[in-house]
Structure formats: C-alpha cells, structure tokens
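**Q** Spelled out from the first residue to the last, the chains are:
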Amino acid sequence: MTTSQASLLQISKLNKQYGKFTAVREINLDVDPHQVFGILGPNGAGKTTTLRMITGLIQPTAGTILIDGHDLHKDPMKAKAITGFIPDRPYVYDKLTAFEYLEFIAGLYSLKKSKAADRMHELLHTFHLHEWADSLIESFSHGMKQRLVFAGALLPKPKLLVVDEPMVGLDPKGHKLIKELFVKLTRDEGMTILLSTHTMEVAEQVCSQIAIVNHGQIIAQGSMNDLRMSTGESEGTLEQVFLKLTEEQEEERAAKVAERFGQDPLPATHNAE
Amino acid sequence: MLVELLKAKIYTVKGSLKSNKEGRHRAPLFLALSTIFTIMLFRGTLWLVNESLAIEPVGELIIQKLISIAFIIFLGLLTFSNIVSIFSTFYLSDDMDFLLAQPIPSDALYSSRYIEALTQSSWVIIIFGLPALTAVGVGMQASPSYYAMLVAVLLPFVAIPTGIASLIALGVTNMLIASRMRDAALFMGLVSFVVLFTLIRWLQPEMLLNPESFDSLGEMIKLLSTPKQSFLPSDWAVNTLTPSLFTQKEFDWWSLGLLYSTPLAIYFISAWLHRRFFYRGYSRVQEGRHGDSLLTTTRDWMLKQSTSRGGSVEQRLKKLQKEPQDSIYKPLKQLIKKDRKIFTRDASQWSNLLVIAALMTIYLVNYKYFEIASQTNFFGNVGLYYFNLAVCGFVVVALSGRFLFPGISLEGRSFWQLLQAPVSLERILIGKWLGAIPPVVFVGQFMIWTSNLLVRPDIYYSITGSLLILFLTFCIAAMAVGLGAVYPQFYNPNASAIAASFGALIFMISSILVILFSIIGSYGFFRELFAVLFEAHDGISMNSWYGLLLGLALPLLVSYGSIRFGARSLRARL
Numbered sequence: 072m073t074t075s076q077a078s079l080l081q082i083s084k085l086n087k088q089y090g091k092f093t094a095v096r097e098i099n100l101d102v103d104p105h106q107v108f109g110i111l112g113p114n115g116a117g118k119t120t121t122l123r124m125i126t127g128l129i130q131p132t133a134g135t136i137l138i139d140g141h142d143l144h145k146d147p148m149k150a151k152a153i154t155g156f157i158p159d160r161p162y163v164y165d166k167l168t169a170f171e172y173l174e175f176i177a178g179l180y181s182l183k184k185s186k187a188a189d190r191m192h193e194l195l196h197t198f199h200l201h202e203w204a205d206s207l208i209e210s211f212s213h214g215m216k217q218r219l220v221f222a223g224a225l226l227p228k229p230k231l232l233v234v235d236e237p238m239v240g241l242d243p244k245g246h247k248l249i250k251e252l253f254v255k256l257t258r259d260e261g262m263t264i265l266l267s268t269h270t271m272e273v274a275e276q277v278c279s280q281i282a283i284v285n286h287g288q289i290i291a292q293g294s295m296n297d298l299r300m301s302t303g304e305s306e307g308t309l310e311q312v313f314l315k316l317t318e319e320q321e322e323e324r325a326a327k328v329a330e331r332f333g334q335d336p337l338p339a340t341h342n343a344e
Numbered sequence: 023m024l025v026e027l028l029k030a031k032i033y034t035v036k037g038s039l040k041s042n043k044e045g046r047h048r049a050p051l052f053l054a055l056s057t058i059f060t061i062m063l064f065r066g067t068l069w070l071v072n073e074s075l076a077i078e079p080v081g082e083l084i085i086q087k088l089i090s091i092a093f094i095i096f097l098g099l100l101t102f103s104n105i106v107s108i109f110s111t112f113y114l115s116d117d118m119d120f121l122l123a124q125p126i127p128s129d130a131l132y133s134s135r136y137i138e139a140l141t142q143s144s145w146v147i148i149i150f151g152l153p154a155l156t157a158v159g160v161g162m163q164a165s166p167s168y169y170a171m172l173v174a175v176l177l178p179f180v181a182i183p184t185g186i187a188s189l190i191a192l193g194v195t196n197m198l199i200a201s202r203m204r205d206a207a208l209f210m211g212l213v214s215f216v217v218l219f220t221l222i223r224w225l226q227p228e229m230l231l232n233p234e235s236f237d238s239l240g241e242m243i244k245l246l247s248t249p250k251q252s253f254l255p256s257d258w259a260v261n262t263l264t265p266s267l268f269t270q271k272e273f274d275w276w277s278l279g280l281l282y283s284t285p286l287a288i289y290f291i292s293a294w295l296h297r298r299f300f301y302r303g304y305s306r307v308q309e310g311r312h313g314d315s316l317l318t319t320t321r322d323w324m325l326k327q328s329t330s331r332g333g334s335v336e337q338r339l340k341k342l343q344k345e346p347q348d349s350i351y352k353p354l355k356q357l358i359k360k361d362r363k364i365f366t367r368d369a370s371q372w373s374n375l376l377v378i379a380a381l382m383t384i385y386l387v388n389y390k391y392f393e394i395a396s397q398t399n400f401f402g403n404v405g406l407y408y409f410n411l412a413v414c415g416f417v418v419v420a421l422s423g424r425f426l427f428p429g430i431s432l433e434g435r436s437f438w439q440l441l442q443a444p445v446s447l448e449r450i451l452i453g454k455w456l457g458a459i460p461p462v463v464f465v466g467q468f469m470i471w472t473s474n475l476l477v478r479p480d481i482y483y484s485i486t487g488s489l490l491i492l493f494l495t496f497c498i499a500a501m502a503v504g505l506g507a508v509y510p511q512f513y514n515p516n517a518s519a520i521a522a523s524f525g526a527l528i529f530m531i532s533s534i535l536v537i538l539f540s541i542i543g544s545y546g547f548f549r550e551l552f553a554v555l556f557e558a559h560d561g562i563s564m565n566s567w568y569g570l571l572l573g574l575a576l577p578l579l580v581s582y583g584s585i586r587f588g589a590r591s592l593r594a595r596l
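Chains as they are written, first to last, in our numbering: chain U, 72 to 344; chain Z, 23 to 596.
Keep in mind that a hint or two might mislead.
Straight line, CA to CA, 25 Å or less: simulated DSS-like cross-link-like pairs of lysine-lysine [what the hints assert, rightly or not]: (1) U/K149 with Z/K352; (2) Z/K352 with U/K186; (3) U/K186 with Z/K355; (4) U/K183 with Z/K31; (5) U/K84 with U/K230; (6) U/K228 with Z/K359; (7) Z/K340 with U/K186; (8) Z/K341 with U/K228; (9) Z/K344 with U/K186; (10) U/K166 with Z/K363.
Don't read these hints as lab results, they were simulated from the structure.
Kindly generate the complete structure, drawing on both the sequences and the hints.
**A** So, in structure tokens, the structure goes:
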C-alpha cells in the first residue's frame with residue numbers, strides 16, 4: 072500500500088507497562104522512508120521493548136503503530152507482511168538447514184517460488200552462506216547464525232527492517248558487511264531501517280536520523296547536527312552527545328525525586344530490555 | 023545452603039503463580055478438574071471394592087491383590103517419571119551452569135535437586151493414589167489408623183524411585199557418550215515399562231475378574247496370596263498397609279523397616295557417589311555431538327539424503343526459478359514441513375517411539391488376556407468393547423500429551439520467528455495440529471483395529487470403534503495443541519519434561535473426561551445400533567440419538583475452543 076503520508080512508520084503515544092513499572096512512556100516517532108533511523112539509549116532504556124512492539128512481538132499497553140499506513144493492532148497481517156525483524160540474538164531452528172530455513176521464511180510470507188529462488192540465491196551469496204546451505208544450523212557459529220537471520224529477514228524484501236543490536240557477535244568483517252548493506256538497502260532497494268544500537272560508530276556512520284531514549288522516553292531526536300546543536304557540543308562525537316544527554320536527564324530525574332520525597336533518591340535500577 | 027537453594031525454587035513457583043503470564047488460569051482450572059477427577063476416581067474405586075467384596079470367599083484377597091497391582095503401577099510410573107525428572111533437574115537445567123560456578127557444597131546441591139525431582143515426579147501419584155486408596159479404606163470400613171498408615175507408606179515409597187533414578191542417571195552420564203544421554207534416559211524408561219509389564223503379567227489381573235477360571239479354590243487363594251517377603255518396594259508398601267485394613271493380619275514391622283531404611287540408604291549412597299562423579303557426568307552431558315559410531319554415521323547419511331534431495335542447492339534453486347509465476351510457498355504447508363523435519367531429526371523423539379511401541383504391545387497382549395473377563399458380570403461383550411474404546415482413547419491422550427502438547431513450547435526461543443511473521447496464531451496452532459496428527463491417528467487406528475480383530479472379528483464393531491476413535495483423536499490432538507499453548511514452557515528444551523508438566527496434567531485430566539463423556543454419551547446409540555444389526559431390533563430411540571449428538575458435540579466444541587483459547591492465551595502473553 073502506498074500512503075499519502077510521508078512517514079513509513081508512525082508511532083503515537085506508545086506505552087508499555089509491566090505491572091506498575093512503565094517500560095515505554097508516551098513515545099511518538101515518525102520515520103521517513105528510505106533512511107536508516109537509529110535508536111540509542113543506555114541499558115534498560117526501553118529500546119528493545121519499543122522495537123519488539125513495532126514488530127508485533129509484544130503488545131503495547133496503549134498507543135498506535137502505523138506501518139506504511141497499516142495499523143499493527145487492527146491489521147496485523149498486512150503490517151507484518153512488510154516488516155522484517157532481526158533480533159539481537161539469533162535464535163533459529165537448529166534442526167533445519169540454512170536452505171530449509173529460507174524456504175520456511177518464504178512460506179511464512181507466502182512468497183512466489185520463482186522470485187523467492189532468485190532472492191535466496193542472492194542472499195546466500197551476499198552473506199557467504201551458499202557453501203553451508205545444506206548444513207544444519209546447529210553446526211553454525213554465532214556469526215553465521217546472525218548472517219542467516221539477516222538473510223531470512225531480507226528474503227521477503229520488507230519495506231521496514233527493524234534491527235536490534237545488529238553488531239552483536241559479528242567480527243570486524245561482519246561489521247563492515249552490515250554497514251555497507253544498510254547503505255545499499257536504503258539507497259538501492261528503498262528500504263527503511265530502524266535500528267537500535269550501543270555502537271556509536273555504527274550509528275554515526277549509517278544513521279541519518281537518531282532518537283535517544285532514556286527511561287522509556289525519547290529525550291532527543293534529529294540528525295547528528297541537530298543533536299550536537301541541542302547539547303552545545305558542536306564538535307562533539309555522538310558518544311559525547313549521548314553521554315551528555317543521558318547524564319543531564321539522570322540529574323533532572325534525581326532532582327525531581329528529591330523534591331518529591333525530600334531525600335536523596337536511589338538510582339533507577341529497572342531493566343526494560 | 024540447602025534451604026537457600028530450595029527457597030529459590032519455591033520463589034520461582036510462587037512468582038509463576040502470581041505472574042499474569044503464567045498463572046492466570048492455572049489454579050481455578052486445576053482445582054475444578056482435579057476435584058471432578060478425584061471424585062470420579064474415588065467413586066470408581068469404591069464401586070470396584072464393593073463388587074470385589076461380593077465375590078465370596080476371596081473378596082478381601084482380591085482387594086489385597088488390586089492394591090498390589092496399584093502399587094506396582096505406581097512404582098513403574100514413578101521410575102519412568104523420575105528418570106525424566108532427574109535428567110532435567112540434574113543435567114539439563116538452565117541454572118546448573120550458574121550454580122556449579124558458585125561455592126555451593128555438593129551435598130547441598132544434590133539434596134536440593136533430589137527434593138526437586140522427587141516433588142516434580144511424585145505429586146501426581148500422591149494426588150491420584152490418595153483418592154483411590156482412600157476409597158479402599160472407605161469400602162473396607164477401615165479404622166483411622168489405615169489413613170495415617172497410608173500417608174506414612176506413600177512418603178518413603180515415592181522417595182525410593184527418585185534415589186534409584188539419580189543413581190541410574192549418574193551411571194549413564196559417566197559411562198555413555200554424551201550425545202546418547204537423552205536416548206539413554208528414555209531407554210531406561212522403556213526398560214521400566216517392560217519390567218512393569220512383566221510384573222503385571224505375573225500377577226494376572228484378568229483372573230481376578232473371572233474367579234470361575236480357576237481349577238480350584240486352593241489355586242485361586244495361592245495366586246491371590248501376597249508373598250511375605252519381596253524385593254519390591256511396592257510389596258513392602260502393601261505389607262505395611264494391609265494389616266490396618268484387614269484386622270486379622272499382624273503388623274509387618276520388617277516391611278515398614280525396609281520401606282524407611284531403603285530410601286535413606288539410597289539417598290546417602292547416591293549423595294556420596296555424586297560428590298565424586300557428578301561433575302564428570304555433568305561435563306560430559308555438556309559436550310557436543312561427536313564420534314563416528316555406526317549410529318552417528320547412519321544419522322549423518324540419512325540427513326544428507328533428506329537435505330540434498332533434488333540435487334545441489336544451485337540445481338534446486340534453478341528448478342524453483344522455473345516454477346510458474348502463480349506458484350507460491352504456502353504458510354501452512356511450510357509450518358507442517360518444518361515441524362516434521364525437526365521431529366525426525368531429533369534423536370530423543372526416536373527413543374520415544376520405542377516407548378510407544380512398548381505401550382502398544384503391552385496393551386494388545388493384555389487385551390488378549392482381558393477377553394477372559396468378557397464373560398463376567400464386570401464386563402460382558404459390550405462392556406469389553408467400550409473398555410477397549412476407553413483404553414484406546416487413553417493411549418491417544420498419552421500420545422497427544424507427549425507429542426502434541428509440547429509443540430508450542432518446543433518452538434522455544436525461536437518463537438519470535440512465528441510471532442513477527444504475517445501468519446495468525448490460530449493458523450500456527452492448526453499447523454501444529456495437522457503436522458503432528460498422522461502418527462497419533464495411525465497408532466489409534468492400529469490399536470483399535472488390532473484389538474478388535476484379536477477378540478471380535480466383527481466388522482461393525484471394528485468400523486464404529488474406528489470411527490469414534492478417529493473422531494476423538496482429532497479432538498484430543500486439538501486439545502493438546504491448544505492447551506499446550508495455554509501452558510507453554512518456552513525455556514524448557516526437554517519434551518518429556520514438558521509432557522509431565524502441570525499444564526500437561528490439566529490436558530490429560532480434561533481430555534480423559536471428554537473421552538469418558540463422549541463414550542458414555544454414545545453408549546446407548548451404539549448398543550441400540552448393534553441390537554438393530556444383530557438382533558433385528560426395531561430402531562434407535564430419540565434419547566440415544568440425543569446422547570450421540572451430545573457425545574460428539576462436546577469434544578468438537580472443546581477442541582475448537584482449545585485452539586481459540588490457546589491462540590488467545592498466547593496473544594495475551596505478548
């Protein structure tokens with residue numbers, strides 16, 4: 072479906088609560104098509120929870136998620152059909168071969184056999200898995216499994232690719248491959264990529280827009296330059312900007328808690344991821 | 023330290039009961055089902071006791087023999103479930119790596135795992151054994167000392183198999199190669215089944231139903247007399263329990279002594295051996311598959327044949343590229359294919375097939391013997407036919423519990439793949455249902471046809487029995503998949519342990535109730551149908567038609583509801 076609105080992904084007032092604990096609070100986000108959008112944040116900030124809600128793995132407590140105009144809650148099949156997901160840990164079916172795994176993914180997305188075959192051929196070569204196509208996944212290293220999950224997620228040519236910590240477990244060669252791939256996918260295939268990462272270098276090199284999340288909220292959003300300007304770190308790296316923003320927020324929160332309870336607050340320890 | 027280790031487990035159980043994800047439907051559903059089941063078990067046993075007492079002059083001896091059979095069955099079941107539990111708790115548990123890295127004394131670790139395995143595998147027996155044995159006391163109008171003795175007997179009785187299983191597991195993990203561990207566990211289970219079968223055949227339970235088949239009263243009394251001394255814990259339990267049931271008997275202190283000293287001795291011996299050999303066995307279990315044994319070579323060859331069917335990858339891709347434009351990969355077909363491949367490549371599932379073969383043989387051989395009982399008041403011809411239907415139904419329940427119930431749980435950490443795909447949860451569950459049902463249908467049909475033809479080569483009986491079992495197989499399988507989704511254990515990789523879990527028990531009880539309801543509901547219809555066919559009876563009454571309708575409608579509704587409920591429950595967990 073082609074929508075009239077510019078954003079491929081629109082999130083409004085997204086909330087996730089686990090009992091009394093709020094993991095994600097009132098997140099609003101618009102992601103334009105054909106770009107790599109990075110979500111950064113410290114551990115437990117709510118990045119993974121947000122990504123898992125966007126891919127339909129977790130149900131939000133409140134809020135709406137529109138993917139290319141399809142409401143994930145009301146029309147999940149259509150929204151999921153154009154979304155690919157790569158989790159931080161590549162749990163796949165160990166007793167299948169790489170080829171069988173890709174055929175299985177093709178089945179889940181009801182792909183045409185001839186087109187799926189072309190795509191499988193291309194992806195097996197791109198991710199250097201063609202020699203291992205008939206080997207059981209249980210014999211694969213972590214990096215090979217991660218590359219296979221990439222291949223599986225890209226097989227249906229999703230419009231939106233959601234990636235959680237793409238560099239976990241990959242060697243430097245894998246890092247390079249993935250960074251180049253992200254650029255190629257947005258440029259040549261018109262894909263939109265939403266990725267969460269801890270690796271500032273990756274975010275700095277491939278993301279055109281960045282949102283910084285802390286305590287379940289977006290505390291800053293924009294291009295690298297926008298973020299630098301907002302923190303006054305005009306020459307700073309993303310790491311410096313990130314640390315400044317998150318530390319400022321910690322101080323702000325601490326002050327608020329102290330004001331409310333009249334004592335020194337303890338640091339927040341909840342982990343949403 | 024032991025207390026701390028046990029506390030951690032208790033907190034986990036408490037947490038899971040409190041958790042919205044885990045415990046929402048558990049307590050009330052389990053309470054309702056187990057109450058119904060307990061009442062049925064109590065009433066059924068009470069009826070059996072009263073019927074037995076009416077058989078003069080050996081009524082009391084028959085009851086004593088029935089108690090013996092019950093304890094032998096308990097012993098067999100306990101041994102089987104303990105072997106599965108010991109492997110899960112001692113060797114395959116996720117938290118073991120963490121615990122072994124801590125400064126925990128080996129005796130404390132052993133004891134905590136021993137208690138965990140004991141609880142996991144024994145509470146079912148206590149829940150089911152107590153109502154039946156209480157009914158015996160009520161039927162016999164036993165004194166209060168019987169009930170006190172019952173508790174005193176069951177506690178050490180359930181501890182013995184746990185100790186033995188821990189020793190077996192220790193031996194297996196230290197002696198066999200690592201990749202064979204689960205196969206070995208199931209092989210041991212199979213052995214315990216065979217032993218149980220031999221013991222039951224030795225006791226000849228069918229003779230109890232037909233006292234006329236004995237040549238003399240003396241022969242009958244000889245068979246029914248329980249040996250005073252035996253090496254089996256089940257006999258010690260019976261010898262300890264029966265004096266409080268039959269007032270003329272003297273109390274057997276020797277059996278009581280054995281019953282208490284044996285589990286204690288095994289516990290200490292096993293703890294001592296675990297100090298020395300546990301870590302070695304545990305390390306071997308963590309090793310990957312290796313070696314070039316005949317089995318491994320055969321398995322690799324079979325794998326190669328199955329993965330490279332249709333030529334090389336390039337050849338297969340070229341073939342696919344030539345497929346017509348409208349030819350698509352179908353989700354349901356791929357879901358079924360995936361489950362089949364995973365099932366056939368998992369060696370622990372193969373071993374389970376052996377257990378099924380043993381179960382089928384045990385039943386069929388016993389069924390041939392049960393023919394003797396068909397001339398008695400207990401059964402009769404139609405009674406035997408329905409007894410057979412019920413047992414075949416229970417086998418279908420056991421199979422579905424073992425192979426279909428763990429289906430969703432075994433998706434494990436790969437479940438994200440299905441959740442984020444554009445396939446509804448209902449469709450995923452239907453895929454699981456259709457994918458795993460053929461072997462259950464095959465076994466159900468094989469059992470009903472073989473058993474019917476063994477004793478009653480009448481085509482009408484066989485066809486109606488076969489149709490009813492086919493219908494029930496589809497319903498029970500759907501219940502297994504649906505309830506497996508209501509009580510998933512995504513972090514438990516052991517299918518046998520999942521099949522013995524709390525949720526599986528709920529599935530077992532509810533599906534047995536459904537089968538009994540269906541069989542009782544359709545009883546009138548089939549009785550009248552056979553009368554029309556064989557005795558030129560006028561016709562079938564409206565009440566019988568209604569009964570049949572109800573007997574078929576309930577399983578259909580329950581199975582449909584289970585799939586919907588399973589999908590809804592999974593959705594709610596997200």
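**Q** Indicate, hint by hint, whether the structure satisfies it.
**A** Right, here's what the structure says about each hint:
Between U/K149 and Z/K352 the alpha-carbon distance is near 16 Å, which keeps this suggested pair within the 25 Å criterion. Straight-line distance between C-alpha atoms of Z/K352 and U/K186 comes to about 14 Å, which keeps the hinted pair within the 25 Å bound. Taking the CA atoms of U/K186 and Z/K355, the gap is about 18 Å. The hint holds against a cut of 25 Å. The straight-line distance between the Cα atoms of U/K183 and Z/K31 is roughly 50 Å, outside the 25 Å bound, and the hint therefore fails.
For the proposed pair U/K84 and U/K230, the alpha carbon gap of about 23 Å is at most 25 Å, so the pair holds. In summary, the hint linking U/K228 to Z/K359 is supported, as the alpha carbons are separated by about 23 Å, within the 25 Å threshold. Between Z/K340 and U/K186 the CA atoms are separated by roughly 11 Å; this keeps the pair inside 25 Å, and the hint holds. Under the criterion of a C-alpha separation no larger than 25 Å, the hint pairing Z/K341 with U/K228 is consistent with the structure, at around 21 Å.
For a cut-off of 25 Å, the pair hint linking Z/K344 to U/K186 stands: about 10 Å separates their Cα positions. The hinted pair formed by U/K166 and Z/K363 meets the criterion: a straight-line CA distance of about 7 Å does not exceed 25 Å.
In summary, the structure is inconsistent with hint 4 from the numbered list given earlier, while agreeing with all the others.
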